[in-house]
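Q: Working from the sequences, and respecting the hints, build out all of it.
There are 2 protein chains.
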Amino acid sequence: MKCSVYIATSADGYIATLDGSVDWLHISGNSEADMGSEDMGFQSYMDSVDCMIMGRKCMDMISSMNLSSEQWPYGDICIVVLSNTIKEPPENLLGKVEMYSGSIQNLILKLENNAYKHAYIDGGSTITSFLNLKLINEMTITKAPILLGNGVPLFGKLNKPIKLIKAKSVVYPNEFIQMSYGVQY
Amino acid sequence: MKCSVYIATSADGYIATLDGSVDWLHISGNSEADMGSEDMGFQSYMDSVDCMIMGRKCMDMISSMNLSSEQWPYGDICIVVLSNTIKEPPENLLGKVEMYSGSIQNLILKLENNAYKHAYIDGGSTITSFLNLKLINEMTITKAPILLGNGVPLFGKLNKPIKLIKAKSVVYPNEFIQMSYGVQY
Chain A
1 MKCSVYIATS ADGYIATLDG SVDWLHISGN SEADMGSEDM GFQSYMDSVD CMIMGRKCMD
61 MISSMNLSSE QWPYGDICIV VLSNTIKEPP ENLLGKVEMY SGSIQNLILK LENNAYKHAY
121 IDGGSTITSF LNLKLINEMT ITKAPILLGN GVPLFGKLNK PIKLIKAKSV VYPNEFIQMS
181 YGVQY
Chain B
1 MKCSVYIATS ADGYIATLDG SVDWLHISGN SEADMGSEDM GFQSYMDSVD CMIMGRKCMD
61 MISSMNLSSE QWPYGDICIV VLSNTIKEPP ENLLGKVEMY SGSIQNLILK LENNAYKHAY
121 IDGGSTITSF LNLKLINEMT ITKAPILLGN GVPLFGKLNK PIKLIKAKSV VYPNEFIQMS
181 YGVQY
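Residue numbers (the numbering used here), protein chains in the order written: chain A, 1 to 185; chain B, 1 to 185.
Hints in this document: simulated from the structure, not taken from any laboratory.
A few of these clues could be false.
For chains that are exact copies, the list does not tell them apart, and a pair is met inside one copy or across any two.
Below, computed lysine-lysine pairings styled on BS3-like, alpha-carbon distance capped at 27 angstroms [as the list claims (entries may be wrong)]:
#: 1; residue 1: K57; residue 2: K160
#: 2; residue 1: K57; residue 2: K168
#: 3; residue 1: K87; residue 2: K160
#: 4; residue 1: K166; residue 2: K117
#: 5; residue 1: K87; residue 2: K163
A: Here's what the structure looks like:
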């Protein structure tokens, strides 16, 4: 199955501050820019995926936002959260995500057996694990125009360098730069 | 005086491998792309600066390349190397760079007193120091389409977040993505 990434980072490559906050994301860039209905490709991306796999920290961050049904950005796609320690999701995510402990390869097989075709992979550690397993096929990284100077990096250590292909880039009116790549192992 | 950055990184933000190598830079991207006379803006950038300030590690990297006069990319601009320990440049850089120990602010004053207008700031630690001193005005970062997975990061720790403005982006035929920003303190 296809696995891809759609994630925002600071210009220096962090996905959150050290305390897990992404508040900086919402105050970065030109807030007076006319974005119209521009969502930087998020809905179109969501329409292309049929399941999502994220790490436990990513789930905690989403849980902390305490989103209403109207604010929930992931539609009704199947969301699997990787954790070897937590067996139940937080109360406000009950029924929205399912926990999984075990190997990523077995999870992918299980999803493929259930006819899933395209997984949205989210969270820095999870993305890095998938890259090391040569499972990520495409990445869309949207860079907010801010240097955080410290935080949780998107990319962790890789077993070896990975070649990117099909580079694309677009600058949105809010001064966010979105880069897209294919991945060649 | 204006201080700016023109630097290449991997897609995950490293300027060199842990052993200081930038060999990956020369094998990244689509090597069969017709770049014609395209130099990704380097000569135009060099024409805009009249001096250069770099760290000692950056000097060592350039020294290790053992460039001939024909290969020397920095013309005859004044190059100042920051070091509190090394008093003389390596033999193959004698006459090409001058060593400086002291505060960055005093160096800038000295250069301004000598009518310099625009400094090219190079090297990760030096760029981070300049950002923390609110001295960098513009940055051009060219991202090679490769994830290194480890190495020397372009950006170090900052005293506080820094807002970037005037975002621009271009994709070159070799699949390098160049991002340009102004800096707002």
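Q: A separate judgement is required for each hint: does it hold in the structure or not?
A: Verification of the supplied hints:
no. : hint         : result
1   : K57 to K160  : both (25 angstroms within a copy, 24 angstroms between copies)
2   : K57 to K168  : neither (29 angstroms within a copy, 32 angstroms between copies)
3   : K87 to K160  : neither (32 angstroms within a copy, 38 angstroms between copies)
4   : K166 to K117 : within (21 angstroms within a copy, 39 angstroms between copies)
5   : K87 to K163  : neither (36 angstroms within a copy, 40 angstroms between copies)
Hint compliance for this structure: hints 2, 3, 5 are broken, all remaining hints hold.
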